[in-house]
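Asker: Spelled out from the first residue to the last, the chains are:
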Amino acid sequence: MVIDFSQPTPVEISEERQLTASRREMVLNMGPQHPSTHGVLRVLLTLDGEVITSCDPNIGYLHRGVEKLGESHRYSQFVPWTDRTDYVAAPSNNLGYVLAVEKLCGIEAPERAQYWRIIMGELARIASHLVWLGTHALDIGALSISLYCFRERELILDIFEKFCGARLTTNMMEIGGFSRPIPPELPEMVRTFCQVFPGGQQDYEDILSKNPIWLSRTRGIGVIEPEVAISYGLTGACLRGSGINYDVRKAQPYLLYDRLDFEVPLGSHGDVFDRYLVRMEEMRQAIKIIEQCIDQVPTDGDLMLRGSTYTIPPHDTVLTTAEDMQRHFIWVIKGFSPPKGEVYQAIEHSKGELGYYIVSDGSPMPYRMRLRTPDFVNLQSLPYMAQGAMLADVVAMIGTIDIVLGSVDR
Amino acid sequence: MSEEHAQLPARPALTAESWATGYWGPTEPDLHPAVYAVRERFPDAFIDAINFRDEMTIRVERARLREVIAFLRDHPDQRYNLLTDVTAVDMVRLRDTPRFDIVVQLYSIPNRVRLRVKAGVDDGETVPSLVPIHAAANWMEREVYDMFGIVFEDHPDLRRILLADDWDEGHPLRKDYPLRGFREYVQPGFTKPAPRIRTRLRRPQ
Amino acid sequence: MGVIDDRFEKNILTTSVDTVFNWARRSSLWWLQFGLACCAIEMISASMPRFDLSERFGMLYRASPRQADLMIVAGTVTRKMAPVVRQLYDQMADPKWVVSMGSCANVGGPFDTYAVVQGVDQVIPVDVYVPGCPPLPESLYYGILELQNKVIKYETIAKKHGIDAADEDRINTREEAKLALGPRR
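Protein chains in written order, with our numbering: chain W, 1 to 410; chain P, 1 to 205; chain B, 1 to 185.
The shape of chain W in the complex, shown without the other chains:
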């Protein structure tokens, strides 16, 4: 590339830019690489001084074609790709997919597996909220909170690593339960975590909840009214922060949530501070759920549904009986053929309602695998929130929606 420095480079100003220049407006590009956009999100802001007149989020910089991959792989093979959509709470993604496939096949996991699924799902919820709080506080300026949050998150990742071998992309849930046994020291690790975590959470509350800087930067910012929130299809803490009581675990319970006793926190103003309070309380409720499950979980029992064509046969009979060995071989190589039809299964993910819509044509591969991710829908509310706001508050608004770009772009 030969650079010619003798002539000045001619600059062409497009007509649109000339118009905005005459209107005192400036287009600012918060590009894909930006410390505050939690991944590769590009936000095009049109500014009049410091005030935002319009905001246009550009996504797709992490679009990897997960839905198309689902159409060319078997049902049991698809679980690792679900991890990588919302990578901060990978077990929840696995859970939603596995529940959808089980609904399609008409089977249900045994009780002990359901308890452990709840425990792992709630641990994933806490892990996701810790990443949210760490990055949100880091953007707003409270730098030490991010270090504290990741300190607690390491304890959760230790539990995941003990359970399934991987810290982040766990791939732990399987269709019908769990095929690997639970390590004997795991319940004790979870109990210890439940005792240690409230102390850590008290640290964050002490620093943030009554902090005048935090209050002035989050109260009254990014207000979403309840009717607008429903119209934008928001779910999760974004909707509950505006006062609408919709939590899939209470409205349409899955697994064993109807046996457990927990509350759903609701905000009242619909601003950034209310959503912060809702998520902090959700972490406390998650600890409550985990403690109940650890007390109620049966210490022995099946972890994987036996005798069904849709689940992997258990290890002991595979190695000792001939028909289970054949079934195992066929299940792994060819896969199982669920009935024809379509299902939609929604779970309460840490960010909102995560839904899997699977269309099956009777073959071992799904015909259509649709992931309805909560961040994709929640991010649509950013232009509404940013209208008329100051530039410095956009960072707080992006943080409060709690996006993970792998989930937005899939």
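Under the rule of at most 35 Å between Cα atoms (straight-line distance), these lysine-lysine pairs were calculated in the DSBU-like manner:
id, chain 1, residue 1, chain 2, residue 2
1, W, K210, W, K250
2, W, K210, W, K288
3, P, K192, B, K153
4, W, K334, P, K175
5, W, K340, P, K175
6, P, K118, W, K250
7, W, K162, W, K334
8, P, K118, W, K334
Quick caveat, the hints were computed from the structure, so don't treat them as lab data. Bear in mind that the values here come from a model prediction, so they are computed numbers and not experimental data.
For this one, chain W is given, so just place chains P and B on it according to the hints.
Answerer: Frame of chain W, contents of chains P and B only:
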């Protein structure tokens, strides 16, 4: 499916607070209040109602889709006010016409019940956009356009969302689009990219 | 380094001087805060209290590519993002190094689809590849330590002979820039 609009089945009873007896309502299409209401109000647009694994799906004509969704949102008993998902399925391997199915998932927050509405669309036909009814449909319809090529009428800003704006290789989620795509990415000006043993297409020399 | 850069043939004096410069460079690598996908979360975990990549190695993250000399590409590079990656790499000043973290950045990872570039080395030259999906923070440590071994051998005031792809890239652009600027005055 019976098409005689004059003889509708008996009107199902509604309970005090929520008529839903399951997560998706009654499993019999004749007993489902939303099916009854849609069939009564739109007798020409209603095609049929199917139930699989307790999930109720209503199939309507594509030209009246927006009115059906608005009716379901504004009806004082049904009140499906949360638009959960708008997506499409390419049915080319399962039936001849129409090629695509637009699938709309709805949820009623007061009644805590879900519903699915489907409309068949052929290649080249347009679908009325749901953005005037639910603001959530904006990006969902942009994604359907990006992935399938289905155009929505009256959409305020229909352009590609997940792929680059100048993507000229088609719409990926169609069944005739290969998983690995048509072209590889070539960085202009980069003379020595690392060699790959298994490439899809030869790099231009 | 200006006047003394790429100037001398290799001998005992230049290697000693180079070692001092390179020791300073490898002990204070400033990395560009550039996380794309899941590996970014492991990169953040690596710089957090348990693993503490930043403080122990003298590494600090900078938001602007102009102030960084190490780019850790953590995550999947899609076809929409690839020109941006190249632009960021071009904006970084010499000497610069690239660590490709995770299997998506190495070879495209589990995503062999229409929208994914199969490896970031199709876009920019890479010095160290760290495998894993995502790599443990300990694996990232190993990659950084290997990179430090590479940095200590970097030819600063000695003439560059093109050890690897990154150096050849630098030599090519440097030769073209020299031709464009004209003879040294």
